Structure formats: structure tokens, C-alpha cells
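Those letters in the sequence shown? Residues 1 to 845, by UniProt numbering.
Please keep in mind that the hints were generated in silico from the structure rather than gathered at the bench.
Any given hint could be a false lead.
DSBU-like mimics (lysine-lysine), calculated; alpha carbons at most 35 Å apart, straight line [as the list claims (entries may be wrong)]:
1. 369 / 304
2. 455 / 369
3. 744 / 455
4. 744 / 452
5. 294 / 98
6. 305 / 373
7. 373 / 304
8. 452 / 436
9. 585 / 700
Okay, the calculated beta carbon distance ranges per label pair [what the hints assert, rightly or not]:
10. 325 / 799: 52 to 60 Å
11. 365 / 499: 54 to 62 Å
12. 698 / 830: 15 to 23 Å
13. 278 / 90: 45 to 53 Å
As the structure is a computational prediction, the values presented were derived from the model and not from experiment.
Just so you know, even glycine gets a beta-carbon here, dropped at the ideal spot from N, CA and C.
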Amino acid sequence: LRSVMPDSGLRIPGRLPLLLTHQGVLLPGSSGRFRVDSPRNMSLVRQRLLRGTSLRSTIIGLVPGSRDPELGTDPLPPLHRTATAGVAVQVVGSNWPKPHYSLLVTGLCRVRVSALVQERPFVLAEVEQLDKLDQDAGPAEPAPGPEIVDLSDKFYQAALRLVGVLDLSAPVVARLRRLLDGLPRDSLPDVVASMIRASDQEKLQLLRSCWDAVDLEERLRTVLPLLTRQIEALKLLQKSRSLGPAQGPPGGRGGAPRGQQFSLEGGEEEEDADDMAVLERKVHGAGMSEAALKVCLKELRRLKKMPTSMPEYALTRNYLDLMVDLPWNRSTTDRLDIAAARRQLDQDHYGLERLKRRVLEYLAVRRLKASLKGPILCFVGPPGVGKTSVGRSVARTLGREFHRIALGGVCDQADIRGHRRTYVGSLPGRIISGLKSAGVHNPVLLLDEVDKLGKSLQGDPAAALLEVLDPEQNHSFTDHYLNVAFDLSQVLFIATANTVASIPPALLDRMEVLQVPAGYTPEERVEIAHRHLIPAQLQQHGLTAQQLLIPQDSTQQIISRYTREAGVRSLERKIAAICRAVAVKVAEGHGAPPPRPPPPRKSRTRSLRRSRERAPRLTPVSAERGAPPEMPIVIDRAALGDILGPPLFDMEVSERLTLPGVAVGLAWTPHGGEIMFVEASRMEGDGQLTLTGQLGAVMKESAHLAISARTNARRYQLTNLTGGPDPLEGTDIHLHFPAGAVTKDGPSAGVTIVTCLASLLSGRLVRSDVAMTGEITLRGLVLPVGGIKDKVLAAHRAGLRCLVLPQRNQKDLEELPANVRADLDLVLVRDLDQVLNTAFQGGFP
């Protein structure tokens, strides 16, 4: 200090720049680190501390409990009149997450703020020194009285007892004793006050009291009770530790407790002591693997030595919090009651027998062998058939936690494996984040839309999933953010996809593919609607079965005229629209008498007929009259027209087959099966073939193969426009596939194109109830194709009754529902002769 202020006899300058801080209070004789990020404080550092030419310019005043406004032009808040004069011994600048400085300041003495000289760009004030910096400098004070001497001796003895109960090495104790012996008695309360531990509120009251109590006696009386409490707490801690680890406080591993060591580190903020001790106990109690515990303890040691203002402090703390929160050894116990699981699955879902059987098989094997690894299942099917809900039902059946991970559009492999912690904003991958959310290490993780993963310059997430979904490797899955292995072998992974065509073969090989029914029959849709969809929508819209009644024939009308899909999402939306319309009527007539109970089940048909006759039409006329609706409101065909509008789909198959040159084919899409019309026309020309309708290369080849049927022109009685034997002589053929905005490809349209050309060139009509699918060869053979179940269900929905299928696809018919097979005439063919004989009324010559 003499080298800093040689001219003033160890006196503080009369004017000091003030640092406004709300992070704590600096006592004389102690050091503290303070974050500087407000406009006035930043200006003080830049203009005084960084540009100062002498050591004297590093002396500043710290005003506690004052927050500088966000804008430097805002008026100053009321300032505390007592401040600490200190020396800024270190200035560290940083630009993350925003520009700021970190100051290490050592307190010199108390000062009183007399008047403000300036407020901008930083605060400058006239100050009056209150404490001596040296016994030989400053104004003379009267000799202390007997009470002060006695109180000072008690305080000194208490400070020695505080050092004595600390469980530290002998050299450290000796240095502390020499420190206390060398301190002036008037500085002793300040030094000890910076060592003791208390709650935040107590520290604030204690430090403010010390600041205002400049008199030595008052300071001693203020600090002595808290010093005594600290000593008693340390004695109790010593006694509990002597009882052994089993009876002592948690978290101790030998050596001094974390709180005691931290209390003696003057450069750190004391409020972090309890937090660090709690974090250390959590690390030891998380049950993590030995390698993970070793990494966490190393990071914890680094965190204790790191200033809180450093950007790396927050990154390390977030990493330790994640490691503690991960479910290293937390799990749920599976419910292995097969009969109860069967009832639960049947209650949640109608149909889906193959999926239910696979879940029951897993439960049975798990009951016989508890160490069974979690299988990797992949549910494949069109949207809306219940893949996600089946996964949730599986979790509920097993009694496990459920978490869904959406993978649609993911194109960065870091989303699976996580980011390395060297990057700014790094995060763990979705697998580790999902386990943290689930809270156990054996949940059901649903990887939704795994077929829609992308690929970019950031890597291939599908390749990153290989380790996750490989039962032989996922017991040691390493996330880049964790950088330690985590066991995923007990996780039950369920992936969903619309098609396996876009899933990489290596990834598909690691999963057990289960085909979800590609579509529901109308009868199944009616059952699903009345068992699940209608009750759920009634509950969501605040209605009851006594207020709204949707008969089964109305549900069938919705299915056939307003929806045409493989799943039941559109059906659910239509039912929701009906519930909203009825809710308006119920809300308008809320003063009506209580609803009457529904009619008895045995007279349901007659009662429904009478209810339709007297049920109100949901029209604006009824709303104008204001009459309360009669309960229940029955949704008949007229009400469907009022709510849903005119039908969206018509039975147009027979109407479009009124001219030669039109045939009906069957196509497969990721959304299920569809019927497809093929139209042909001819005109004078030079034998060219024109194809329209967004066709792929394979379908174009099928069209050219179909033209080869002219080799049998005489046999099939095919002629051109002039009646010649060659059907393409002087004739151009135009083949069109409607719905031109949709890309079409595949070999299964070969037999349909041949039938269409045969109808055009022979002038005969194709039967209106026949649809077909199959690939053709140059010799006229019919080869098998895929998606038979989807296509058959699509034809059944469209009202077709006769289907022409390749004979080698007979094995695929076993998956069809019995009622569908009973309604359809399935004709299995080997060549084109059988196709044409079935497609035309009376056969084909």
C-alpha cells in the first residue's frame, strides 16, 4: 500500500469511481470477484482501470445492493452511503455470452459517500475514509475501554476455536494462527465475517450491519453470535463424522467437508458452498458407472476452482447436472401378467392381432428369463392405422414409461449422437434426452417416422442409429456430449414407418419388421368408431351419449361417402366436426330439461326410426326459432349433409366404364391401396404411343410391353381404324392415367394396360365390377406383385366385387379378413388369356 499511495500516508483519495454491484458485499481485508456488464460499470473499467497510468488509478469504491440500470442514460437508483474502497488486482474480459468483465478486488477500508460528482459515463463520488489503513497513519483514536478489550479477547478466542475445530492439515492451522495473531484487533471482525457461513438472508443482514457499524464494539457484538453458531455447527459435524460413514452426513469421503474448505477460500463466493456440496452428494448417489463417476469427479474438481463468471463454468455445471439426472440405475418393474396384458391390449385396440401376439410373446419370454434384452420392433403401415397408439399401449401394458422421439426431417447425426462439448450451444442427442425425460433406463422409446430421416453435410442420422438399434452394441452407447458409455440394452425401442423402401438396408437389418394392417375394412372402421373414436370425441367436446347419438348406418355413410383412407384419422375428424355442431345446439338450449335415457337395445331400430322423425335438423332455421333441441340429437343422413356438406366421394366405377378403352387397376401407395383407372384412345397416325399422367420408367416399360399384344391380333379380333389386321397400322394410341399430379410407377399395371388396349381395339366394354393387378411378360405370363392386401382392401372399399390377381400371390390372401374374402370373387390367373376372359362379359375369343 505504501507503494500505491506514497504521497498520502496510506490515505484513500477523496474522489473515487463507484462500482455498483448487487452480487454481494466486499469487506476490508477480504477479496472477491465481481461481474461487470452494465453500461456505467463497463465505462469505469475501460476508462479508469484499463487506461490508468498508475497503481493509484486501480482504487475504486464498491457500493453494495445497487443494480445499475440496463441503459446508461437511466437515472441512478438510491445508493448505500457506506462503501468499500478496494484495489482491482485483476481484470478479465470476455465476449460470451455477451461482452463483460470479471474483476478481482481486494478490500482496503470503509468509506462514506458524501456527494456524487458525476453520473455518466461512470459514477464518481466524494468519499470520506472511515477505517485506518495502518496503525501509524490516520487520525488518532481514543484508547479502547475495558469492555471493548474484554469483548475483543472473547472474539479472538472464538476465532482460535474456529480454527481449532477445522479438520485441516497442521501447516494450514499454523498459518491461520499466525494470521490471527498478526491482524489488528479492529480488522479481526471483518476477516472472520468473511470466513463464516450463513444463509443468504443472514449474510445480507450481517454484512449490512457490519457496514453501518463502524464502531469496533458494535462490529464485535454483531459478528460474535454468528461466529459462535459456526463453531457449534462444525463441532456437530466433527462428531457425526467420527461415528463413521454409515452414521455420518451423506456425501463425505474423508478429508475436510466441502463447506469447511470453501469457507476458507476467500476468493470464491460463499453462497456456492452449499450448492457444490449438494452437487457432490448427487454425483456420488447417482449410481453411475465407474467410468462416468471418474469423469464427473474430475469435472467437479475443475468446477470448484473455476470462477463463476467464466463461460466454461456454465457448460461444466450443465454437464454435471445432466449426468446426475440421467437414470443410471433407476428402472420400473415389468407387469408380466399375460392374461391382464391381453385384456389391456384388446381394450385399447380393435384388431391388430399380429402386433398383440408379438407383445404377448415378449412378455412370456421375459417372464421365463428376466435378463432378456429389449427387442427392436418396427411397425410399418400407412398413416392413421394406429402405430403410435400401439406403442403407447405397449408401454401401458408393460407398466413402463413412454417417450416419443420424432425423427421426421432429422438430417444431422448430432441429433442422435449429441454434440461435442467443445462447440458453443452443445446438447446431448435425442436418445439421451429422451431417457432423461423418461426418468428410467428401461422405458419404451418410440422412434417415430424412421423412414423420413434425411442426410446432409452434417452426417447421416440413419447411420448414427445403427449403434442405438443394434442389440449387440447398444449396451455401451456413447453420446458425444456425455463422452461416456450408457447402457441402452434394457430399452424397448419401437420404430414406426410408412414404408421400408426408404430405410437403409443396414438399419432395417437391425429391426424386426411388423406389418401393421394396411387398411381397415368398413366393418372394422364402424367398430373402431363406436368403441374408441366416438366416446373419445364426446369426452373431448363435453358431450354425453344422452345428448348425441350416431347410428351405425350414419357411421357407414361417413366412411363410404366422406372418407377414403387406409387409417381412421379422417373419420375421427369428421366425428369431431359432428360433435362441434351438436355442441352449439346443446349450448344454445342449455336451459332445456335433463336429457332422457336412450331407448332399450332390443327395440333399437324402431326407436331410431322414431327418433329420426322427431330429431331436429341442424339447420339455421332451427337456430332462428331458438327452440331447445330434443335429446338425444340423432345424426341421420340429412344431418350429415347439413354438417359435413355434400359427399366427397361417389361410386364412380360403373359410370367411368361406359365406353371401350377404360379399365380399373390396383395400385399401392405409402398411404395404403388405391384403385387406378387406365384410359386409352386412338386416332389416325403412324403408329406412335403417347403416355401421360406422370408415369415412371417402369410403368412406361409396362405400356410398351402391353403393345406387344398385337402379335395376337387375329386371335383377340383386334383391328385398326380401317379394319386391317395390324391394330397399330395407321393408328396412334394415347394412354392416360388420371390424377396426373401424382407420380405413378411400378410393374403391376401391366395386365390393366393390356385389358384397356384390348377393350379399345376390340370395341368391347370391360366389366364394371372388375379390377386387376399383375406384371406381364413378352410371352403373356402374369407375374406376382407386392401390396396385395392393401390393393384388395382398396377395391373392397370402392365397391368392386371381382379381382384378378396373379396366381403366385395366393399366399398373400391368407392375411385378408374373412368377411372381405367372402364379399369378393378372387380370380387367380397365370396368363393374359385368363385375364381377358375374366375382364369381359362372356369371355374373350
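Hints, one by one, checked against the model:
1. 369 / 304: Not satisfied, since the Cα-Cα distance of roughly 46 Å exceeds 35 Å.
2. 455 / 369: Not OK: residue 455 and residue 369 at ~39 Å, beyond 35 Å, violated.
3. 744 / 455: holds (25 Å)
4. 744 / 452: holds (20 Å)
5. 294 / 98: Distance of about 33 Å is within 35 Å: holds.
6. 305 / 373: Status violated; Cα separation ~42 Å.
7. 373 / 304: violated (40 Å)
8. 452 / 436: Holds - the C-alpha atoms of residue 436 and residue 452 are around 25 Å apart, at most 35 Å.
9. 585 / 700: violated (55 Å)
10. 325 / 799: 52 to 60 Å: Because 57 Å falls inside the window, the suggested range holds.
11. 365 / 499: 54 to 62 Å: With Cβ atoms ~29 Å apart, the hint is violated.
12. 698 / 830: 15 to 23 Å: Holds, since residue 698 and residue 830 (Cβ atoms, about 22 Å apart) stay within the stated range.
13. 278 / 90: 45 to 53 Å: violated (29 Å)
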